[in-house]
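Take these sequences, add in the hints, and give me the full structure.
Each chain, letter by letter, is given below.
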Amino acid sequence: MTSLSSLSRLKLTLALLWGVLALFALYTAVAHGLIYAPIGFVALATGVLVFALRAHARLSGFLRETTEVCARIRSGDFEARVINLDEEDALRRLSDNVNGAIDICDAFVRESLLAMQAASEGRYYRKIRQEGMLGMFSHSVDGINRAIDFLKEKDEADARNKRMVALTIERIRMLVESASHGNLDERIESDGFEGEYQELVTNMNGLMETISDPLKESIRVLEKLSEGDLTDEVRERYEGVFDDIKQAVNNTIARLERIVAEIQLASTSVKDSADGISSASLDLSRRTENQSSSLAQTASAMEQITATVEQNTSSARMVNEVSLKAKEVALQGRQVMKEAVESMTLISASSEKIAHISHLIDEIASQTNLLAINAAVEASRAGEAGRGFAVVAEEVRSLARRSSEASKEIRALNQESMAQVKAGNEHVENAGDLLDKIVGSVAALTERITEITSASEEQTIGINEINAAIANMDQVTQENVTMVKQNSDAAGSLTELADDLNQLITFFQLDTARASAATA
Amino acid sequence: MAKELYLSGKERVMTDDEIIVSKTNLKGHITYGNDVFCNIADYSTKEIIGAPHSILRHPEMPRCVFKLFWERIESGREIFAYVVNRGKEGDHYWVLAHVTPSFDANGKITGYHSNRRKPTDAAVKAIKALYATLLAEERKASDRKTGLQNSDQRLHAILQEKGVDYDEFVLAL
Ligand SMILES: Cc1cc2nc3c(=O)[nH]c(=O)nc-3n(C[C@H](O)[C@H](O)[C@H](O)COP(=O)(O)O)c2cc1C
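Line order of the protein sequences matches chains A and B.
Residue numbers are given in UniProt numbering: position 262 of the first sequence equals residue 262, and the series is strictly consecutive.
Residue numbers are given in UniProt numbering: position 30 of the second sequence equals residue 30, and the series is strictly consecutive.
Hints may be right or wrong, so weigh each one.
[Unchecked claim] Below, in silico cross-link-like pairs of lysine to any residue (SDA-like), each with a Cα-Cα straight-line distance of 25 Å or less: (1) Lys154(A) x Leu171(B); (2) Lys46(B) x Leu63(A); (3) Lys152(A) x Gly163(B); (4) Lys127(A) x Asp121(B).
Hints are computed from structural coordinates only; laboratory data are not their basis.
Written as structure tokens, this is what we have:
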């Protein structure tokens, strides 16, 4: 601070030298009486006065400037400085120190303002440099820097908090998101969290356990249930709605167990009944089938009877017709016989004529023969010329002979015929009697047959009614067969169902002690 | 500018308590310099008042640093920068400059102000390496303009690689 330029030191030294020399010269001159003492005093006084006035003028100028600078500083204008171009020594020291004081205030104010500005923008690294700051300035710088550090820490804590809040929200959001999609296994890694956030996160994880534990246990129990295992139940202790879930699941299983046990019982008895029905309907079926086949047999027997009766009827009708014809024929026979008797009588008459005629023929033949012999004799007399006559005569003789023979035969035959006609007449008489008898019998027969026919027709009607009844019975029986079959099928499927049911029910494993207690 | 500047090679070092203070008008002409400034740079108050601040310019300062420097303060913002300065006699000294605009009551920039503190040795060592790189970039280029562009790009690339902005980088040194 006190170091001055060599020039100003030189100037000061010269000024001092000049002053001392002037004083010494003045003193010597006065002491030696060269200068009248009062004059010397006046000269000295004048010199001192001039020097003092000049010094005063400079000093007051300097002080005015310095005062002005101080006033500007006082009003907050830190641009003000004492620009000391000429003054040295004490005034230089004064101006330097005034300026130094302002400089440090200026520096402090600028630094503080800018550091606080930077801090308000989050640039905490921009603190006030301690270099050059002394005493209270240094203290204040410390204070401000501490405040900046504090702000920084607070800001960082805020940011951390913000991050923590954001992280917490994010993690909880993810947790809730995945939980809302049914994933309850998600947990928040609590490592990155601090303080109450860690507590919150831990609590959230705890909440997840609270929710997921009873659900998981219920799922375990329900999964076993889905495998038919009714022996498990929710065992842990839960609170509130989770206890409600537990109770609901356990009640469901208990109820189910009871139902299953009851079904087991019921299905066994259903099976028994179905088996009973099944065997009964089998029996019924067999019997119905028997009945049906008996009916069929009856029907076919009835058919045969019907056929027979019909045949009887038609035979009777035919016999009737035949007997009517027979009666007719017999009556015709009677007529024919009458005619035959008449013919026979005619034949007898004819036979007598024939006998007469054959007698005539005989006579003619013998006469002819005689004539022929005569002719032959005559011819032989005639010789050669008579030869032809001889031959003819011979011929006529043979003819006559043959005619005679024939007439003989005719007579024999005629006699035979006459005998036969006679016998025939007797026969005819007999036959007539027989025919009369026949006609009588035929009449009786016809009467009977008519009776038979009407009886047969009545029979047919009766049989038809029987047939209708049988057909009806058959139909009913067939329906019965179908029904019995259906019944038996139904019983069969009932048995199957009961078996299935039993099978299904065996799927469930019961806590036997509990189940029997439940159904007891 | 291109004229060879005398460099004594002698380094002057600030004390921990000192602040070098200067003020300039909008053009960068000095309107005030404190006694520490005058002493370390071997200038008298008379010599510096009205002089451009570039009288302190050291040839080893990359131009891209001053580009950024001016961009920042002209837009009303502060900047911290490690600067090596050349004193009147050719000595050099390293400072951590904090340059800020001064505003009037209406918020208009009326001038600039610079506080300079003693940098740590480690910071100086680190910044020297960076400045050497940037300077090499500038000297390599055929003309000043591309040189400045290249070193500017290089500076930003280095910051981007470190993942910090300029202020964070400088204040962490
Ligand atoms: C308040 C303020 C302080 C500055 N301090 C320095 C400094 O210490 N050293 C420096 O080289 N440039 C400083 N500059 C930047 C200069 O104005 C200039 O831009 C820089 O030296 C580059 O010079 P050039 O553009 O001529 O290459 C400062 C600028 C401002 C506004």
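The hints, checked one at a time:
| no. | hint | in the structure |
| --- | --- | --- |
| 1 | Lys154(A) x Leu171(B) | holds (21 Å) |
| 2 | Lys46(B) x Leu63(A) | holds (19 Å) |
| 3 | Lys152(A) x Gly163(B) | holds (20 Å) |
| 4 | Lys127(A) x Asp121(B) | holds (20 Å) |
The structure agrees with every numbered hint stated previously.
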